[in-house]
Amino acid sequence: MQSLSSVDFAPISNSQEVHGISRPSLSYWQDAWIRLKANKRALMSLYIVIFLLLFTIVGPWIWRVSPAAQDLDQVSQPPGSSRVALIVDDYTPWFGEGNSPETGLRTFGDPTTQVVRLQWNALPGAAGHRIYRNLFPLGPERAYGIPIGEFFDNNTLFFEDRLDLKPQNYYYSVVALGQFGELLDSYELIEVDVKRVTTIAEALEQELISHTNNFQIGDAIDMAWHPLGTDYLGRDMLARLMAGARVSLFIGIGAPFLFVLFGVTYGSIAGFLGGKIDQVMMRFADFVVALPFLLFMILFKIAFGVGPGESGVLPMLVALVILMWPATARLVRGQILLIREQGYISASQLLGAKTPYLILRHMIPNTLGVVLVTLTFAIPSAIFTEAFLSFIGMGVVPPTPSWGSMSNEGIKTMLTTPHELIFPAVIISITVLAFNLLGDGLRDALDARMRNQE
Amino acid sequence: MWLYTFKRLLQGVVTVWFIATATFIAMHNVPGDPLLNDRAMTPEIRANVEAKYGLDQPLATQYFIYLRNLAQGDFGISFTQENRQVNDIIREHFPVSAILGVLAVVFAAAGGVLWGALTAIYRNRLPDYIIMFFVILGISVPSFVVAALSQVSLVNLNSLVGTTVLPVAGWGTIFHMLVPAMVLGLGTMAYLTRLMRSSMLEIISSDFIRTAKSKGVPPARIFTKHQLRNAILPVVTVLGPAIAAITTGGFVVEIVFAVPGLGRFFVEAVQQLDYTVIMGTTVFYGAFLVFMVIVVDVLYGFIDPRMSMK
Chain A
1 MQSLSSVDFA PISNSQEVHG ISRPSLSYWQ DAWIRLKANK RALMSLYIVI
51 FLLLFTIVGP WIWRVSPAAQ DLDQVSQPPG SSRVALIVDD YTPWFGEGNS
101 PETGLRTFGD PTTQVVRLQW NALPGAAGHR IYRNLFPLGP ERAYGIPIGE
151 FFDNNTLFFE DRLDLKPQNY YYSVVALGQF GELLDSYELI EVDVKRVTTI
201 AEALEQELIS HTNNFQIGDA IDMAWHPLGT DYLGRDMLAR LMAGARVSLF
251 IGIGAPFLFV LFGVTYGSIA GFLGGKIDQV MMRFADFVVA LPFLLFMILF
301 KIAFGVGPGE SGVLPMLVAL VILMWPATAR LVRGQILLIR EQGYISASQL
351 LGAKTPYLIL RHMIPNTLGV VLVTLTFAIP SAIFTEAFLS FIGMGVVPPT
401 PSWGSMSNEG IKTMLTTPHE LIFPAVIISI TVLAFNLLGD GLRDALDARM
451 RNQE
Chain B
1 MWLYTFKRLL QGVVTVWFIA TATFIAMHNV PGDPLLNDRA MTPEIRANVE
51 AKYGLDQPLA TQYFIYLRNL AQGDFGISFT QENRQVNDII REHFPVSAIL
101 GVLAVVFAAA GGVLWGALTA IYRNRLPDYI IMFFVILGIS VPSFVVAALS
151 QVSLVNLNSL VGTTVLPVAG WGTIFHMLVP AMVLGLGTMA YLTRLMRSSM
201 LEIISSDFIR TAKSKGVPPA RIFTKHQLRN AILPVVTVLG PAIAAITTGG
251 FVVEIVFAVP GLGRFFVEAV QQLDYTVIMG TTVFYGAFLV FMVIVVDVLY
301 GFIDPRMSMK
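These protein sequence lines are chains A and B, in that order. Using the working numbering, the letters of the first sequence correspond one by one to residues 1 to 454. Using the working numbering, the letters of the second sequence correspond one by one to residues 1 to 310.
In case anyone wonders, no lab produced these hints; they're calculated from the structure. Source: prediction; values computed, not measured. We put the beta carbon where it would ideally sit given N, CA and C, even for glycine. Honestly, I wouldn't trust all of these hints.
Claimed, not checked - Which bits of chain A does chain B cover? Going by a derived footprint, with three or more residues having C-beta under 8 Å, they are:
1) 234–245
2) 409–417
Claimed, not checked - If you want the ones that stay clear, here's a sample from chain B, every Cβ over 12 Å from chain A, calculated:
3) T5
4) F6
5) N29
6) I45
7) A47
8) T61
9) D88
10) A110
11) I139
12) T163
13) H176
14) P219
15) E254
16) R264
17) L273
Kindly generate the complete structure, drawing on both the sequences and the hints.
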């Protein structure tokens, strides 16, 4: 038998790397982030959300036009419309051209936004004339448009239109009036293409030109630029969309944040204490759920009242928080009850963990995913609610812009200037869609059990 | 089953009481004065009017009078419309909202089940993509935009055909109801389609479907008896809240389409601070919704045999 020396009992040095676990350990959030990144739709939505936040926060710093400033020369201008204005002389009154060789309804001089000068010959059998202006050509129903002037004799055969002229086509009609001022059948119609003009004094006042530049009559200058056009009061749409985003997103993100916070606190207290207290607390939440949501939104909003000069944003925020917390509370309570019975909680307790440690280390991190998903889904519904209420005039108070109130204003002129409705409507839709898809992505990434089978 | 129904009804009564109380508290915090209108009012007349509406009583007394009247189904007299009972207003305008709501719910449920089942069957193929695109539109476009756009397209359609195919606004015949009901139900339909799709996908890949297939059950029978019947259950569960969302969400549609429903009346009452009408409408709506949720829950017991075992 061989004798063993102490050398034989020396440990063999490990010269070769053991094949360890090659994948680095991932925390829950790292794993979720990787899964979210793999989801193209969710990632796209995340970019859109980030862009929207930038648009809201940084936007007004870059586009420094006041959302309340009115550009009365460019009212209801769609984006991309011509901004060129010719400089003309100051307005001087005109009393018709004495002996004109032309006949029929005709314009005198260039028709401009400053003035349109019309002249005509007396219509056969007319004891007077009435002048109409319309945006549309005369149809079979003979709708002349808006009456802008009338004369009960044949002495005055000219008219100056200076009423709110826009650079567009107008249809002027002159209609014969009978002895008693009744409309006769004969009429004449012309189409007039009105050019945008401005005077040097006006241009100086609007800071389109400065004193140093030497502008002449007949020169063309550019009016103020509105990338997305203007609304019915001549306010810049882009600036208003940004200001509206502040209101809509403040309510849309602020309210869900607050009620989710309250719901989490309420739900975890109920779930933790359990027993009778839990039952009473949850019964109360059931009652709040049963309140008809929109009716009570309106009711609470008027109950808080909106004083003069207030925007009505805060009452809406509070009403949303009061009405929307129970869903989160129920969800969190359910989660807490579920986690409380889990094996790892017992294991942790056996190892001597105290309640605060259990809450901080196990309860909160394990409910956070569900809470985050709830929050993401609550944001679009809050944005919708705000838009909805502002649309029926129960939301923010004008002149505070919000996407909903802008849609409300835009819908009235939907046919003539659709851009006033399209921009706020599209931005609401994109925001809601982005948050919804992001919520879907987060749900899939954070909770494998809740993953829907896409 | 009967005990369950009775318990639910009892809970419902308590819930309605809670709604009534919340309405009362909210309304008494509203700033402004319903008697403050253009007509000058001497202190004597004011005192008389206040006595007539019971406004000179302490708040607790007012509350009990209010509850007593509610229990008798009496919502009081309108503040701004002389000699008009709130009950009459509700009787006159609620049926309009109810018909619109029922049509919208039927439309949403039928559409949701149909489209949802279709997307699941044609999963990741063209019909699925087309339907899901519209579902996404339905979820993300606000109802007032859809309402306005559908009005414009109706105008265009009518002028293209030359006669009034479908009226653009107003109320009266079944033709007036179709488009508003569709617009009202659209959001819910999109939601139900998504729900139906995921529920159907789960059913399609489950074991009993494979068993049925291997037994040689005809595909049509598998679809109706096994897939549809099981997949429809989650849809029925959310139908109660969906009815609630649709009926109270009718304001916008009623305003845009000029439908003389209760929602539009409520908005007008709020603008005029017509206390009794606001309170009556809110409590009535609340009670109606609580009742609808109970009905759906009880019906669920009949549809799902597993429920009645509890």
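Here is how each hint holds up against the structure:
Given a C-beta distance limit of less than 8 Å, the hint that chain B covers the stretch 234–245 of chain A is violated, as 0 residues qualify and 3 are needed. Note: the stretch 409–417 of chain A has 3 residues with beta-carbon separation from chain B under 8 Å; the three-residue rule is met and the coverage holds. For B/T5, the shortest C-beta to C-beta distance to chain A comes to about 17 Å, beyond the 12 Å cut-off, and the non-interface label holds. Every C-beta of chain A lies more than 12 Å from that of B/F6, the closest at about 18 Å, which supports listing it as non-interface.
Consistency note on B/N29: stated as away from chain A, yet its beta-carbon is not over 12 Å from all of that chain's, at 4 Å minimum. No Cβ of chain A comes within 12 Å of the Cβ of B/I45; the nearest lies about 26 Å off, and the non-interface call holds. Non-interface status of B/A47 relative to chain A is upheld: no Cβ of that chain comes within 12 Å, the nearest being about 25 Å off. Distance to chain A confirms B/T61 as a non-interface residue, since its nearest Cβ pair spans about 21 Å, more than 12 Å.
Residue-level check passed: B/D88 sits 20 Å from the nearest beta carbon of chain A, beyond 12 Å. For B/A110, the condition that its CB be more than 12 Å from all CB atoms of chain A holds, with the nearest at approximately 23 Å. A beta-carbon of chain A is positioned within 12 Å of the beta-carbon of B/I139; the least distance is around 6 Å. Every Cβ of chain A is farther than 12 Å from the Cβ of B/T163; the closest lies at roughly 16 Å, confirming the non-interface assignment.
No beta-carbon of chain A is positioned within 12 Å of the beta-carbon of B/H176; the least distance is around 20 Å. For B/P219, the requirement that its beta carbon stay farther than 12 Å from each beta carbon of chain A is met, with the minimum near 21 Å. The beta carbon of B/E254 is not kept farther than 12 Å from every beta carbon of chain A, the shortest such distance being approximately 10 Å. B/R264, annotated as away from the interface, has a beta carbon of chain A within 12 Å; the closest lies near 9 Å.
For B/L273, the non-interface assignment is contradicted: its Cβ lies about 8 Å from the closest Cβ of chain A, within the 12 Å cut-off.
Of the numbered hints given earlier, the model fails hints 1, 5, 11, 15, 16 and 17; all others are met.
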